[in-house]
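In order, the protein sequence lines correspond to chains A and B. Residues in the first sequence are numbered from 1 upward in steps of one, following this note's numbering. Residues in the second sequence are numbered from 1 upward in steps of one, following this note's numbering.
Calculated from the structure, these hints are not laboratory results. Incorrect hints may have been included.
One copy or two, either will do: identical chains are not told apart, so a pair holds if it fits within one copy or between any two.
[What the hints assert, rightly or not] Computed cross-link-like contacts, DSS-like style, restricted to lysine-lysine with a CA-CA straight-line distance of at most 25 Å: (1) K166 / K193; (2) K71 / K47; (3) K152 / K47; (4) K118 / K193; (5) K101 / K193; (6) K156 / K203.
Protein chains: 2
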Amino acid sequence: MDVKLNERGLLVVISGPSGVGKGTIRKALFEMPDNNFCYSVSMTTRKPREGEVDGVDYFFVSREEFERRIKQKQFLEYAEFVGEYYGTPLEYVEKKLSEGKEVIIEIEVQGALQVREKMPEAVFVFIVPPSKQVLYDRLMKRGTEQTKDIEKRIDKAEREYHLAYKYDYIVVNDDVYNAADRIYAIIRAEHAKTERSIHMYTKLMEGKVNGKQKH
Amino acid sequence: MDVKLNERGLLVVISGPSGVGKGTIRKALFEMPDNNFCYSVSMTTRKPREGEVDGVDYFFVSREEFERRIKQKQFLEYAEFVGEYYGTPLEYVEKKLSEGKEVIIEIEVQGALQVREKMPEAVFVFIVPPSKQVLYDRLMKRGTEQTKDIEKRIDKAEREYHLAYKYDYIVVNDDVYNAADRIYAIIRAEHAKTERSIHMYTKLMEGKVNGKQKH
Numbered sequence: 001m002d003v004k005l006n007e008r009g010l011l012v013v014i015s016g017p018s019g020v021g022k023g024t025i026r027k028a029l030f031e032m033p034d035n036n037f038c039y040s041v042s043m044t045t046r047k048p049r050e051g052e053v054d055g056v057d058y059f060f061v062s063r064e065e066f067e068r069r070i071k072q073k074q075f076l077e078y079a080e081f082v083g084e085y086y087g088t089p090l091e092y093v094e095k096k097l098s099e100g101k102e103v104i105i106e107i108e109v110q111g112a113l114q115v116r117e118k119m120p121e122a123v124f125v126f127i128v129p130p131s132k133q134v135l136y137d138r139l140m141k142r143g144t145e146q147t148k149d150i151e152k153r154i155d156k157a158e159r160e161y162h163l164a165y166k167y168d169y170i171v172v173n174d175d176v177y178n179a180a181d182r183i184y185a186i187i188r189a190e191h192a193k194t195e196r197s198i199h200m201y202t203k204l205m206e207g208k209v210n211g212k213q214k215h
Numbered sequence: 001m002d003v004k005l006n007e008r009g010l011l012v013v014i015s016g017p018s019g020v021g022k023g024t025i026r027k028a029l030f031e032m033p034d035n036n037f038c039y040s041v042s043m044t045t046r047k048p049r050e051g052e053v054d055g056v057d058y059f060f061v062s063r064e065e066f067e068r069r070i071k072q073k074q075f076l077e078y079a080e081f082v083g084e085y086y087g088t089p090l091e092y093v094e095k096k097l098s099e100g101k102e103v104i105i106e107i108e109v110q111g112a113l114q115v116r117e118k119m120p121e122a123v124f125v126f127i128v129p130p131s132k133q134v135l136y137d138r139l140m141k142r143g144t145e146q147t148k149d150i151e152k153r154i155d156k157a158e159r160e161y162h163l164a165y166k167y168d169y170i171v172v173n174d175d176v177y178n179a180a181d182r183i184y185a186i187i188r189a190e191h192a193k194t195e196r197s198i199h200m201y202t203k204l205m206e207g208k209v210n211g212k213q214k215h
C-alpha cells in the first residue's frame with residue numbers, strides 16, 4: 001500500500017480579482033490526469049446563468065435558506081456581493097480533507113480572507129491577470145450582466161488586486177493550462193513541506209509504515 | 001519578452017543522509033527537458049573515484065589549496081568528512097543566481113546547515129530513504145570504500161536522518177524520477193511564493209512590464 005508523507009488532503013483556495021479567470025483555471029485543474037482533486041461546490045442566492053447546473057456549478061438556494069445556514073454556522077466562509085450571497089459549506093470540506101482529497105475552492109477575495117482565519121493551514125493562491133488591461137477587457141466582455149454591475153465589478157477588482165500580499169502564492173493567468181500546472185506544482189510542493197510531512201517521516205524511520213510519497 | 005514574476009534564480013540545496021541517493025536525483029533533475037538548472041560543482045580534497053572527472057563531478061584540489069580558500073572566505077559552505085574537505089565556491093553561485101539560473105547544490109547535512117545561515121532565502125530539500133533498511137543496504141553496497149569508512153557513514157547517517165526538521169521540504173527517494181519531479185514542483189512553487197513574486201507583480205499592475213510567468 002502506498003503511504004503519503006502527508007495523508008490529509010489540502011484545502012486549496014483559488015482566489016483573485018473578479019474576471020481574472022478563476023473558474024476556467026479550476027476546470028483545467030480538474031481535467032488533469034490522475035488528480036485527487038475534489039471541488040467544493042459553493043452555495044449562492046444568485047440566479048443561475050445560462051448552462052449552469054444546480055449542485056455542479058453552485059447550489060442555488062433562496063435568501064431565507066442561506067441566512068438560516070449562516071445562523072447555524074454551516075459555512076467555512078460566505079460573502080454578499082452585488083446583492084447576492086455566496087458561501088462554502090463547511091461539513092463537506094472537512095469530510096473530503098480527512099479522506100485525503102485535495103479540496104479546491106474557488107472564491108472571491110472577501111471569502112478567501114475569512115478562510116485564512118478559520119483554516120490557516122490551507123493554501124492560498126491569488127490568480128492575477130498578465131496586465132490590468134486584460135482584466136478590464138474580460139470584465140467588459142462578460143455580456144451576461146448589466147453596465148451597472150460591470151462597473152461595480154471593475155471597482156471591486158481595482159481594490160482587490162492590491163490584496164495579493166495576503167496570499168501564499170501568486171499565479172499569473174497568462175495561459176490557463178500554464179496556470180493550472182503551476183497550481184498543481186504548488187500542491188505537490190505543499191505536501192512535501194516539512195511541517196506537513198515530518199510526522200509521517202518519523203514513523204517511516206521507526207519502521208512503522210512502508211513509505212512511498214504520492215505527490 | 002517573457003518576464004518572470006521572480007527574476008532571480010533560486011539556490012536549491014539538496015541534502016540528506018549519506019547513501020540516500022542525492023547524486024542520482026541531481027543527475028535526473030538535469031536530464032529534465034527545458035530546465036534552467038545550473039549545477040554548482042563542489043570542491044574537494046578527496047581522491048577522484050573511478051570515472052569521476054575534475055571540474056564536472058568535483059574540483060579536486062590539494063589540502064593546502066583548500067585551506068587557503070577557506071581563509072579567503074571563498075566558500076558558501078565547507079565541511080570536513082572522513083578526513084577530507086568538501087566545499088561550495090561562493091562566487092560562481094552568486095553569479096548564476098543573478099543571471100536567473102536555478103543553482104542546484106547537492107551537499108552533506110553539515111554543509112547545508114551552514115548555507116542556511118548564510119543564505120536563508122535558499123530552498124532546503126532533505127532527501128530521505130523509503131525506509132532505514134534501504135539506506136543501510138545502499139551504504140553497504142557502495143563497494144568503493146573500506147569497512148571502517150562504511151561504519152563511519154552509517155554512524156553519520158544515523159545522526160543525520162533526525163535533522164529533517166531543519167529543512168523546508170522532505171522528499172522520499174522511492175524512485176529517482178519521482179523524487180526529481182517533486183523537486184521540480186518545489187522549484188516552481190517557490191518562484192510563485194508571494195514573498196518572491198510580489199515585487200514584480202506590483203510593477204506588472206502599474207504597467208511597467210508585460211508579464212508572463214516562466215515557471
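We went through each hint and held it up to the structure:
1. K166 / K193: Cα proximity of K166 and K193: in one copy and across copies (20 Å, 11 Å).
2. K71 / K47: Cα proximity of K71 and K47: one copy only (22 Å, versus 72 Å across).
3. K152 / K47: Classified as within: same-chain Cα gap 18 Å, cross-chain 70 Å, threshold 25 Å.
4. K118 / K193: both (21 Å within a copy, 21 Å between copies)
5. K101 / K193: both (17 Å within a copy, 23 Å between copies)
6. K156 / K203: Cα proximity of K156 and K203: across copies only (20 Å, versus 48 Å in one copy).
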